[in-house]
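> Protein chains in written order, with this note's numbering: chain W, 1 to 238; chain H, 239 to 478; chain Y, 479 to 749.
The hints are simulated quantities; they were obtained by calculation from the structure and are not laboratory data.
Predicted model, so just to flag it, every value in this text is computed and none were measured.
Glycine is no exception: its CB is placed at the ideal position from the N, C-alpha and C atoms.
Hints are not guaranteed to be accurate.
In the DSSO-like style, the derived pairs of lysine-lysine whose C-alpha atoms are separated by at most 27 Å in a straight line are [stated by the list, open to error]:
1. H:K346 <-> W:K66
2. W:K212 <-> Y:K500
3. H:K469 <-> W:K21
4. H:K252 <-> Y:K521
Away from chain H, derived, C-beta distances all over 12 Å, residues of chain Y [unchecked claim]:
5. G595
6. E608
7. N660
8. W705
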Amino acid sequence: MENEIKEAPEAVNKPNSSSSKRKVVVPGETIVDGEDYLPGEGTRREGSKIVASKFGLAEEAGRVIKLISIFGAFVPRRNNVVIGRVSDITHAGWLIDIDSASSAFLPIEESPRFINRNEMDQYLAIGDVISAKIWTVKGKGIDLTLKGKGLGKLENGFIFRIIPSRVPRVIGREGSMVNLIKERTDCSITVGQNGWIWIRGQSIETEIKARKAVEFVANKVHVSGLTEKVEAWFEEND
Amino acid sequence: MATKNEFKRVDGRKLDEMRAITAKVGVVPNADGSAMFAFGDTVAIAAVYGPRLLHPQHMQNPQKGILRVAYDLMSFSVYERKRPGPSRRSKEISKVTEWALEPAVDLKAFPNTVIDVQIYILQADAGTRTAGINAASMALAHAGIPMKDLICSVAPGKNGQAIISDLNKEEEDYDEGEGATDFAVAKLANQDEYTLMQMDGKIQPERVKEILDIAEKNCETIYDAQKKALKEVVNPEGKK
Amino acid sequence: MSSMKVSNLTKETLKKMFAEGKRFDGRGLLDLRDLEIEYNVSKKAEGSARVRMGKTEVVVGIKMEVGTPYSDSPNKGNLMVSGDLLPLASPRYEAGPPGFNAIELPRLVDRAIRESGMIDFEKLCIKEGELVWTVIVDVYPINDDGNIIDASSIGAIAALQSAILPELSEDGKIDYEKEAKNKLPLSKTIMPISFSFFKLGDSLILDPTREEEEACETRITFGISDWNGQKMLNSCQKKGELPLKREDVEKIMEIIPKKFEEVNKKLKKFL
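Same shape as in the complex, but just chain W (with noise of 0.2 Å):
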């Protein structure tokens, strides 16, 4: 099963990175004073200086100054691929647990095949997990689909909880990352923006392998070069 793969913009040191610095900043620190800086996302401008709007790590890309949340929510967009959880069903659809501040749901329309109504719990039961794309995201609530390549309900192997912020580095540019883990546990694996990750191998010993790999690569805060050093992890631990 493949996942959707998402373009991790800073998971790569720009080939001219030189005035890419990157820094630590805390809420209400001047990032850089400058009239000739623009304030981009989690940042503000103030008089001159541009000042930071959230714990993070402050970038500079051009003139644009960024900051990227190193911990935080998962703020949901549309066409995120998430892993959820069924919390329920309705006449009209399923309650979907995942793990946001709003809640989702996922009508009976948007599953994959037509579904009659009173086969719903047969065809997802409750503590069922499957892997939807965000279709709506609405003041009230958010309407996930099963509808695409990679989507629907997930069976066996198990699922854990990364830092939805680590997400981009653990796909990888392209899905460089992710796919090495994958080729050398030969596990399928799907990972949610949300922060939820699926994982299923072909036994117990490579499944807890990849997760271990996830993880390795999840609780690295501020690292480059990250590629080799999993690769020397994996040459350590085979």
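Given the coordinates of chain W, assemble chains H and Y onto it according to the supplied hints.
Okay, now just chains H and Y, sitting in the frame of chain W:
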């Protein structure tokens, strides 16, 4: 004037000197953000959970998230055991702490949700609400919640005629001359915005600016400690 | 941290893992996580301790109070164990009146201590019929990564071991200004320890992480201590709707004395 400057504090501190500060982030791994802050022997732990779904639904605010603070003393944190369960004092402190923190947090970014802040005092030697606010401020930032600034809090006050910083329990009980005054404040670290102000005792109106001077100076030191504690989570001594 | 309930597929996978004797953190099914104990973590308490088992952390404080004895035990002091599952420690706990788990925790810790004889209640009598000591144990989980009950019980024992008897003034009230001279009178040999065995499928495990604990179907907690040179069970409580088999109980009876020795040794190291 001479009397005030000669005032000797019980623990030998200078008039504008706070007790030794300890600040640490990440003390409750389950929480989205957590921190510990101590003024001398007063130790506060704060844990932040959220933003998360708020039940019951009718309490949700469609325009912004709700900050919900619960402050309490652990039963054994004081000499006379405090019975479990929030007292009126705890409820009041919970509310003023909420008002102290809210201006710094971008709640509009999370409508219909709640951010729960839990503050517990492990050891109480006066200044518990200020220690709690300092811990909560770090915990909120640690949780990655969008914040305009950190909040710093300290309780300067007065013993007799001397204006002093960060009263300990003994100083709170001082009863000579003009007695003891406790003047707790909290402010945004980098702004001229006071979000908490509570006072008990006797102080002449014209002397309040001395309190604010000390508070501002102390808050700079507190902000430095909070910054350091947060940054240490990312760059611990001996990188991971 | 997540409040998402355990999923069916994770539970099935854990069942298979345990059946193969495997756990995510590499431990054996009956291996305990690293234990750390720190004393005197709260100075205004008469005794206190912080226990860490892996990421699970519990703080326990002891307060001594004086008062009149119960009418049916005029020459004995009292023990009260109190505690709550504060929302601080887990996204699972909710504010408000205590749920069953919150009520159960202090009661389980209490029973293991009370029945063991560790505290000689007669030694807590100050003046028969008039004035006795009450030992109050307050348990505060700080971070729940599973097995809070056993961690709390170790914390309670450690806090009690370090507790002092405050000095009294002439009118029978506690004088905190006076330096305490005596320790809380405790048995030197009896140290009750609680062991909670969790069952998933046919496997029994000890010291689960929160993830493991939430997948498990049944729990049985035993308190055990040394008494007169023998190991004695002092308390027992089974939790949950699913049944235990007799062979489960007999297996536990074989395991528990060895585990008791193991933890006892570790505790002695910290004393």
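> Given the proposed pairing of K469 of chain H with K21 of chain W, does the C-alpha separation stay at or below 27 Å?
Distance ~16 Å between K469 of chain H and K21 of chain W Cα, so the pair holds.
> Run the C-beta distances from E608 of chain Y to all of chain H and say if the shortest one exceeds 12 Å.
Holds, because the least Cβ-Cβ distance between E608 of chain Y and chain H comes to about 21 Å, which exceeds 12 Å.
> For the pair we were handed, K346 of chain H and K66 of chain W, check the Cα-Cα distance against 27 Å.
holds, 20 Å
> For the pair we were handed, K212 of chain W and K500 of chain Y, check the Cα-Cα distance against 27 Å.
With a Cα-Cα distance of about 14 Å, the restraint between K212 of chain W and K500 of chain Y holds, given a limit of 27 Å.
> At 12 Å, judged by beta carbons, does W705 of chain Y keep clear of chain H as stated?
Answer for W705 of chain Y: holds, closest chain H Cβ roughly 29 Å.
> Compute the least Cβ-Cβ separation between N660 of chain Y and chain H, then decide whether it is above 12 Å.
It holds; N660 of chain Y is separated from chain H by about 18 Å at its closest Cβ, greater than 12 Å.
> Are the Cα atoms of K252 of chain H and K521 of chain Y separated by 27 Å or less?
Holds, because 25 Å separates the two Cα atoms, which is no more than 27 Å.
> Taking the shortest Cβ-to-Cβ distance between G595 of chain Y and chain H, state whether it exceeds 12 Å.
Nearest chain H Cβ is 24 Å from G595 of chain Y, so the label holds.
Every hint from the earlier list agrees with this structure, and none is contradicted.
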